[in-house]
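Student: Sequence:
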Amino acid sequence: MKEPAQVLRDFKPTHEFFIGIDSDGCVFDSMEIKHKECFTPMFVKHFRLQAVSKYARQVWDFVNLYSKTRGANRFPALVRALHLLRERQEVLARQVQVPDTRALEAWIARETKLGNVTLKQEVEAGNQALAPVLAWSVAVNQAIADIVSGVPPFPRFRESLIKMNTRADTMVVSQTPSEA
6 MKEPAQVLRD FKPTHEFFIG IDSDGCVFDS MEIKHKECFT PMFVKHFRLQ AVSKYARQVW
66 DFVNLYSKTR GANRFPALVR ALHLLRERQE VLARQVQVPD TRALEAWIAR ETKLGNVTLK
126 QEVEAGNQAL APVLAWSVAV NQAIADIVSG VPPFPRFRES LIKMNTRADT MVVSQTPSEA
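In our numbering, the protein residues as written are 6 to 185.
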């Protein structure tokens with residue numbers, strides 16, 4: 006099987022148009038199960054948000070499922086979720102320490118490949134402030150591998166793809182890590 010990047014490098018257009026279709030949430034109805042059963046529990050666990058878990062869940066779901074940032078890379082989404090959680094009156098009233106995001110924001114600003122490989126390199130280079138983020142991200146991938154299976158394509162996706170292929174080159178794309 007070819008490496009995904011090689012498939013793109015070898016791609017030869019045959020139509021005037023190209024349609025890239027994201028696998029999560031466009032081909033497969035997998036966003037809800039991934040976020041609600043994998044990302045959110047690991048968000049609460051790894052960032053010690055148990056005392057405000059209700060609000061952590063609300064914020065995570067809003068950022069990743071119900072706002073304009075739906076489908077964003079997990080690391081900028083984590084920053085946004087922690088910022089929003091930090092502002093919640095219920096969180097302030099409980100005096101819960103929401104993790105600082107400055108090290109993560111700095112890494113996001115300078116890194117062009119936001120993923121576990123580059124995050125691990127950053128942690129191994131001495132940026133221990135990002136170690137909890139790496140542990141969380143690895144745990145999320147493991148949870149996805151353990152929990153998410155048997156999710157079929159949306160109804161009528163195949164028919165839609167056949168119709169699209171008559172007028173455009175199409176490809177299903179994904180940023181989901183292969184281990185997840």
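These are calculated hints, taken from the structure and not from any lab test.
Check each hint, because a few of them may be wrong.
Unchecked claim - Derived EDC-like pairs: lysine to aspartate or glutamate, alpha-carbon spacing no greater than 16 Å straight-line: (1) K59 <-> D29; (2) K41 <-> D151; (3) K41 <-> D29; (4) K125 <-> E92; (5) K41 <-> E21; (6) K59 <-> E42; (7) K17 <-> E116.
To be verified - Quick list of the computed label-pair ranges, beta carbon to beta carbon: (8) P18 <-> Q133: 13 to 23 Å; (9) M169 <-> P137: 23 to 33 Å; (10) R53 <-> R161: 39 to 49 Å.
Even glycine gets a Cβ: it sits at the ideal position worked out from N, Cα and C.
Student: Next step is simple, just say for each hint if it's right about the structure.
Tutor: A quick look at each hint next to the structure:
1. K59 <-> D29: violated (25 Å)
2. K41 <-> D151: holds (14 Å)
3. K41 <-> D29: holds (14 Å)
4. K125 <-> E92: Cα-Cα ~29 Å, so violated.
5. K41 <-> E21: Judged against 16 Å, a Cα distance of about 39 Å means the pair is violated.
6. K59 <-> E42: Holds, at roughly 14 Å.
7. K17 <-> E116: Violated - the C-alpha atoms of E116 and K17 are around 30 Å apart, more than 16 Å.
8. P18 <-> Q133: 13 to 23 Å: violated (46 Å)
9. M169 <-> P137: 23 to 33 Å: violated (42 Å)
10. R53 <-> R161: 39 to 49 Å: holds (43 Å)
Checked against the numbered hints above, the structure breaks hints 1, 4, 5, 7, 8 and 9 and satisfies the rest.
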